Amino acid sequence: SQTIHQWPATLVQPVGSPLSLECTVEGTSNPNLYWYRQAAGRGLQLLFYSVGIGQISSEVPQNLSASRPQDRQFILSSKKLLLSDSGFYLCAWRPGLISEKLFFGSGTQLSVL
Amino acid sequence: QQQVKQSPQSLIVQKGGISIINCAYENTAFDYFPWYQQFPGKGPALLIAIRPDVSEKKEGRFTISFNKSAKQFSLHIMDSQPGDSATYFCAASAHASGGSYIPTFGRGTSLIVHP
Numbered sequence: 271s272q273t274i275h276q277w278p279a280t281l282v283q284p285v286g287s288p289l290s291l292e293c294t295v296e297g298t299s300n301p302n303l304y305w306y307r308q309a310a311g312r313g314l315q316l317l318f319y320s321v322g323i324g325q326i327s328s329e330v331p332q333n334l335s336a337s338r339p340q341d342r343q344f345i346l347s348s349k350k351l352l353l354s355d356s357g358f359y360l361c362a363w364r365p366g367l368i369s370e371k372l373f374f375g376s377g378t379q380l381s382v383l
Numbered sequence: 120q121q122q123v124k125q126s127p128q129s130l131i132v133q134k135g136g137i138s139i140i141n142c143a144y145e146n147t148a149f150d151y152f153p154w155y156q157q158f159p160g161k162g163p164a165l166l167i168a169i170r171p172d173v174s175e176k177k178e179g180r181f182t183i184s185f186n187k188s189a190k191q192f193s194l195h196i197m198d199s200q201p202g203d204s205a206t207y208f209c210a211a212s213a214h215a216s217g218g219s220y221i222p223t224f225g226r227g228t229s230l231i232v233h234p
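These protein sequence lines map, in sequence, to chains R and S.
Per the numbering used here, the first sequence starts with residue 271, numbered consecutively.
Per the numbering used here, the second sequence starts with residue 120, numbered consecutively.
Hints in this document: simulated from the structure, not taken from any laboratory.
This structure is a prediction, so every number in the text was calculated from the model and none was measured.
Watch out, some of these pointers could steer you wrong.
Unchecked claim - List time: in silico DSS-like cross-link candidates among lysine-lysine, alpha-carbon distance up to 27 angstroms:
| id | chain 1 | residue 1 | chain 2 | residue 2 |
| --- | --- | --- | --- | --- |
| 1 | S | Lys161 | S | Lys134 |
| 2 | R | Lys349 | S | Lys176 |
| 3 | S | Lys134 | R | Lys350 |
| 4 | S | Lys177 | S | Lys190 |
| 5 | S | Lys161 | S | Lys176 |
| 6 | R | Lys349 | S | Lys187 |
| 7 | S | Lys176 | S | Lys187 |
| 8 | S | Lys124 | S | Lys161 |
| 9 | S | Lys161 | S | Lys177 |
| 10 | S | Lys176 | S | Lys124 |
| 11 | S | Lys190 | S | Lys134 |
| 12 | S | Lys176 | S | Lys190 |
| 13 | R | Lys371 | S | Lys176 |
| 14 | S | Lys134 | S | Lys187 |
| 15 | S | Lys190 | S | Lys124 |
| 16 | S | Lys187 | R | Lys350 |
| 17 | R | Lys349 | S | Lys190 |
| 18 | S | Lys187 | S | Lys177 |
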């Protein structure tokens, strides 16, 4: 069966510190991968998506970057966090060209202080 | 530009009542309309979805009504239960070339069902 792992679940970081959030998918190959951010009381903002290794599309200019070093691994990073980077970060995957369903991870609650 | 408009932003219903959430879209190329349910502190999960070739789809207490001419679709939760309390997102999408797929989400509706 396919599963998605996202960690950590919660993270408190000081302003100016680096960030690395990791997401991995098991049980599938060549998935489409996504990073979303959800601010409190707001909708889902697409940050990055990837259709393959090393292929990253950025939807919103920001203080964040993404990488896909392996087929089923998606990493969200920042060199220096800002207060405005606080939020609930969600990784999601789609089984390549087969399905239109998105499967979300359990999320990371990031607080930048 | 918000391509999928969702309303209401929040909704409170009594147990046993009907919850109705509405969405409107602009892009006529959209051909897949899912609803996602999100409990606090969790990621959204697909609840039910519809394609424009049908006007209604029902799964248990959850029904999607779709009006292609009006470019609107709605989620109806019959016999609402406290366990249905969650945030609901509508979405719409169209297949893009090259395998990329980016659904457009509504802003979400926070549903509270009082016992």
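Verification of the hints:
Distance restraint check for lysine 161 (chain S) and lysine 134 (chain S): the Cα-Cα separation of roughly 23 angstroms lies within the 27 angstroms cut-off, and the hinted pair is therefore satisfied. Taking the CA atoms of lysine 349 (chain R) and lysine 176 (chain S), the gap is near 46 angstroms; set against the 27 angstroms cutoff, the hint is violated. Simply put, lysine 134 (chain S) and lysine 350 (chain R) have alpha-carbon atoms about 47 angstroms apart, too far for the 27 angstroms limit, and the pair is violated. Restraint check for lysine 177 (chain S) and lysine 190 (chain S): the C-alpha separation of about 19 angstroms stays at or below 27 angstroms, so the hint holds.
For the hint pairing lysine 161 (chain S) with lysine 176 (chain S), the CA-to-CA distance comes to about 26 angstroms; that is within 27 angstroms, so the pair holds. A threshold of 27 angstroms between alpha carbons decides the hint, and for lysine 349 (chain R) with lysine 187 (chain S) the separation of about 46 angstroms lies outside it, so the pair is violated. The hinted pair formed by lysine 176 (chain S) and lysine 187 (chain S) meets the criterion: a straight-line CA distance of about 14 angstroms does not exceed 27 angstroms. Distance restraint check for lysine 124 (chain S) and lysine 161 (chain S): the Cα-Cα separation of roughly 23 angstroms lies within the 27 angstroms cut-off, and the hinted pair is therefore satisfied.
In summary, the hint linking lysine 161 (chain S) to lysine 177 (chain S) is supported, as the alpha carbons are separated by about 25 angstroms, within the 27 angstroms threshold. About 21 angstroms separates the Cα atoms of lysine 176 (chain S) and lysine 124 (chain S), which keeps this hinted pair within 27 angstroms; it holds. The hinted pair formed by lysine 190 (chain S) and lysine 134 (chain S) fails the criterion: a straight-line CA distance of about 30 angstroms is larger than 27 angstroms. With a C-alpha separation of about 16 angstroms, the suggested pairing of lysine 176 (chain S) with lysine 190 (chain S) holds against the 27 angstroms cut-off.
About 16 angstroms separates the Cα atoms of lysine 371 (chain R) and lysine 176 (chain S), which keeps this hinted pair within 27 angstroms; it holds. This hinted pair does not check out: lysine 134 (chain S) and lysine 187 (chain S) have alpha carbons roughly 31 angstroms apart, beyond 27 angstroms. A C-alpha spacing of about 11 angstroms is found between lysine 190 (chain S) and lysine 124 (chain S), which places the hinted pair at or below 27 angstroms, so the restraint holds. Note on lysine 187 (chain S) and lysine 350 (chain R): the hinted pairing is violated, with a Cα-Cα distance of about 46 angstroms set against a maximum of 27 angstroms.
Under the criterion of a C-alpha separation no larger than 27 angstroms, the hint pairing lysine 349 (chain R) with lysine 190 (chain S) is inconsistent with the structure, at around 43 angstroms. Between lysine 187 (chain S) and lysine 177 (chain S) the alpha-carbon distance is near 17 angstroms, which keeps this suggested pair within the 27 angstroms criterion.
Violated hints for the displayed structure, listed by number in ascending order: 2, 3, 6, 11, 14, 16 and 17.
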